[in-house]
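*Asks:* Starting from the given sequences, assemble the full structure and let the hints guide the process.
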Amino acid sequence: MAERRGLEARERRLGFELVVPALGVIVLVALFPLAWTAWESLHLHDLRMPWRGHPFVGLANYAEALGDGRFWAAMGHTAFFTAATVGLELVLGLVLALAMNRAFRGRSLVRAAVLLPWAVPTVVAALLWRFMFGTQGGIANALLSKVGVVDASFVWFIHERAAWVPVILADVWKMTPFVALLLLAGLQNIDASLYEAAKIDGAGAWDRFRYVTLPLLKPAILVTLVFRTLDAFRVFDLVYVLTGGGPGTATEPIALYTFDALLRDLRFGYGSALSMIIFLVTFGLAVLYIRGLGVDLTGEGG
Amino acid sequence: MRRGGRRRSSLPAACSGPGALPPAGGLVAVLLVAVLALAACGGESDQGVVLTFPGSAVGAEARVLRTQLDRFMAAHPGIRVEQRVTPDAADQRHQLYVQWLNARAPEPDILQLDVIWTPEFAAAGWILPLDSLGADAAPFFPNTVRANRWRGHVFALPWFVDMGLLYWRTDLVDGPPATFAQLARVAERAQREDSVRYGFVWQGARYEGLVTVFLEHLGGFGGRIMDDSGHITVDSDAAVRALTYMRDAVWKEGFVPQAALTWQEEQTRFAFQNGEAAFMRNWPYAYPLMEDTAGSSVAGRFAAATMPAGPEGEPTSALGGSQLAINAHTRHPRAALELLRFLTAPRQMIERARVVGEYPTRRALYAGDTLRGLLPIPPARARELIEHAVPRPVTPVYSQLSSLLQIQLHRALTRQADPRQALETAARQMRGLLARVGLMPGGSSGAARGDTADPAEGNRG
Chain A
1 MAERRGLEAR
11 ERRLGFELVV
21 PALGVIVLVA
31 LFPLAWTAWE
41 SLHLHDLRMP
51 WRGHPFVGLA
61 NYAEALGDGR
71 FWAAMGHTAF
81 FTAATVGLEL
91 VLGLVLALAM
101 NRAFRGRSLV
111 RAAVLLPWAV
121 PTVVAALLWR
131 FMFGTQGGIA
141 NALLSKVGVV
151 DASFVWFIHE
161 RAAWVPVILA
171 DVWKMTPFVA
181 LLLLAGLQNI
191 DASLYEAAKI
201 DGAGAWDRFR
211 YVTLPLLKPA
221 ILVTLVFRTL
231 DAFRVFDLVY
241 VLTGGGPGTA
251 TEPIALYTFD
261 ALLRDLRFGY
271 GSALSMIIFL
281 VTFGLAVLYI
291 RGLGVDLTGE
301 GG
Chain B
1001 MRRGGRRRSS
1011 LPAACSGPGA
1021 LPPAGGLVAV
1031 LLVAVLALAA
1041 CGGESDQGVV
1051 LTFPGSAVGA
1061 EARVLRTQLD
1071 RFMAAHPGIR
1081 VEQRVTPDAA
1091 DQRHQLYVQW
1101 LNARAPEPDI
1111 LQLDVIWTPE
1121 FAAAGWILPL
1131 DSLGADAAPF
1141 FPNTVRANRW
1151 RGHVFALPWF
1161 VDMGLLYWRT
1171 DLVDGPPATF
1181 AQLARVAERA
1191 QREDSVRYGF
1201 VWQGARYEGL
1211 VTVFLEHLGG
1221 FGGRIMDDSG
1231 HITVDSDAAV
1241 RALTYMRDAV
1251 WKEGFVPQAA
1261 LTWQEEQTRF
1271 AFQNGEAAFM
1281 RNWPYAYPLM
1291 EDTAGSSVAG
1301 RFAAATMPAG
1311 PEGEPTSALG
1321 GSQLAINAHT
1331 RHPRAALELL
1341 RFLTAPRQMI
1351 ERARVVGEYP
1361 TRRALYAGDT
1371 LRGLLPIPPA
1381 RARELIEHAV
1391 PRPVTPVYSQ
1401 LSSLLQIQLH
1411 RALTRQADPR
1421 QALETAARQM
1431 RGLLARVGLM
1441 PGGSSGAARG
1451 DTADPAEGNR
1461 G
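Respectively, the protein sequence lines represent chains A and B.
Everything in the first sequence is counted per the numbering used here, starting at 1 for the first residue and increasing by one.
Everything in the second sequence is counted per the numbering used here, starting at 1001 for the first residue and increasing by one.
A few of these clues could be false.
[What the hints assert, rightly or not] Covered, in the sense of this in silico footprint (three residues per stretch, anywhere, with C-beta under 8 angstroms from a C-beta of chain A), are these stretches of chain B: (1) 1084-1098; (2) 1257-1268; (3) 1390-1404.
Hints were generated in silico from the structure; no laboratory data involved.
We treat Cβ as the ideally placed atom computed from N, Cα and C, and that holds for glycine.
*Replies:* And the structure:
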């Protein structure tokens, strides 16, 4: 017994030694920058105003953020963007996944084709959508003015609500394939015999979907939800290129505001505080999903 | 940017980098410092003095600069000047400069500044007071010097000058309008009768250009962004009238297209040179481009004037242009000043005017025949236009003030807020910023560097 315990201890030590390099990398690329940002966020540090020095100011930057209307507006825009895109992507992705899950000729070709938008770099996609919604030869106005939805000279990017349309469409267009792929993987894990059994019990197509597919797909849906929510919450490049956060700051998400504070105004202290807030919110969301909804990110157990 | 590899052979063995690393600035800054250290070390080789000069890498501008730097070196055998390629986009260049200067990098020795950066860099202690070094600012246009003055000292020499112009179509309009009311009337008529798509186009996207357009309307209506004593006055009645005029031009009278609210300089130029607009507000760079029949359908059918005035103001152009300053941490301030003097000397300015169409900042050059035929606008007229140009508020926090203002202007123009409400918000935020950084007039102002304590330099922003 004693010998066995010694062996276990040795094994454990070996195990620990083997993960040390990985832990080291995590500390270096994740924890260290995070700690630095946290430290920085407690200081006044305006690169453009060196005469103000670099004093420790406690939570003053956070207090400023909480009293900053532009910050709250940006948080609101982010929440709206996240809810709208993740919701649409989930529904459309599910439809796509169900379609691709059926056996038909050329299925693998369709699967590859569906992934194309996802493979397009975000900045390129954003430029594409900006052009499509432009007034100079944009296809959106050409089509929509024919059916009388908007005027041919309608300028999408100067209306605080309409400016969201290209932003959300672009994200849905780009990310739905990714969602579909994750859900398709989930669908393929469902045992076909369950559908046969349900059929024998007299379940119709809707019942089979409602009582077999959905419950068994739940883990995949939740994983998708986590990925997409956290991603959408940090949206930056798409909005940066499409609307620049405008008109005014009507479509400015929190990541873009942070970018502005950090790299345009060069307010490192305040910008770091904003970064920490983004981190805390996404971290909180992740914990909420994993603890609250029981999402299993590793795919083990059920 | 240059990697320093080419010069590594001349590195002294015990080369130490600049003593101070940035307090924090991330990996990028650290890497930059490392690269700069490599580059900087090469400077003290047996070659004598090496100056670095940042600038554009492409086109006629880079070529004329190269020629002039070569000429300078030929005249000063002890000094070598190396060009360092920097981004053309102002925002990116600014960001790079700030990282370098925060790291106390001694290079580049010379800095090429946008007109609105000088007070910021001066207050930060990043550039040297040139008058104390012996530079003479007297020959330059007074308004261009005013924009480069901080706390009584001249911190940069104006290299070339830009001013907002009202371009008008000589085949559609009898003459440039003297007042904004007249401009509206003529623009609407041209739109109606001459079937141009747009009456008037300007830069209405949310960026620095919008502030210059607003400044020009504001001046015409008798208002200012900041008064001489440094108080924010952007919520005055005149300002509300100016912004309302701009907004109505888009949404009520419709002689300015809605799309202009997403446009920068180039989009307005395209509209005008395609013959789609009767009037355009733009900088002088557009002139030679629109005279080129290959790309322009209005060649020979347009002219430039000052912006109109309103009932209570004067015609106002925004002052732009490029300035030359010296890095406060340079190892060779004397040589750097020598180079500045050389580049801003009449001969070099005239050459730049001829090759790249940039307007000299020396007043005397406009008097004789020196510039005749070199620039699209005749010298006497150009001088008048330049003298009408008004600097934007001369303050170290101009960029931050401007971005607060840009957002509110754009909100008002896109009808998310009414003009008065938007300007009041902007003014409140701008005053808040000035108070926070200790630049509020009348308040404690021991903040910014400088010996003389006049609270803000005279400016008509």
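*Asks:* The structure should be examined with respect to each hint, and the outcome stated for every one.
*Replies:* Hint check:
Only residues whose C-beta sits within less than 8 angstroms of a C-beta in chain A count toward coverage, and the region 1084-1098 of chain B has 3 of them, enough to reach three; the restraint holds. Given as covered by chain A, the region 1257-1268 of chain B passes the check, having 5 residues with a CB less than 8 angstroms from a CB of that chain where 3 are the minimum. Coverage of a stretch by a chain is defined here by at least three residues with a beta carbon nearer than 8 angstroms to that chain's beta carbons; for the region 1390-1404 of chain B and chain A the count is 5, and the condition holds.
Of the numbered hints given earlier, the model fails none.
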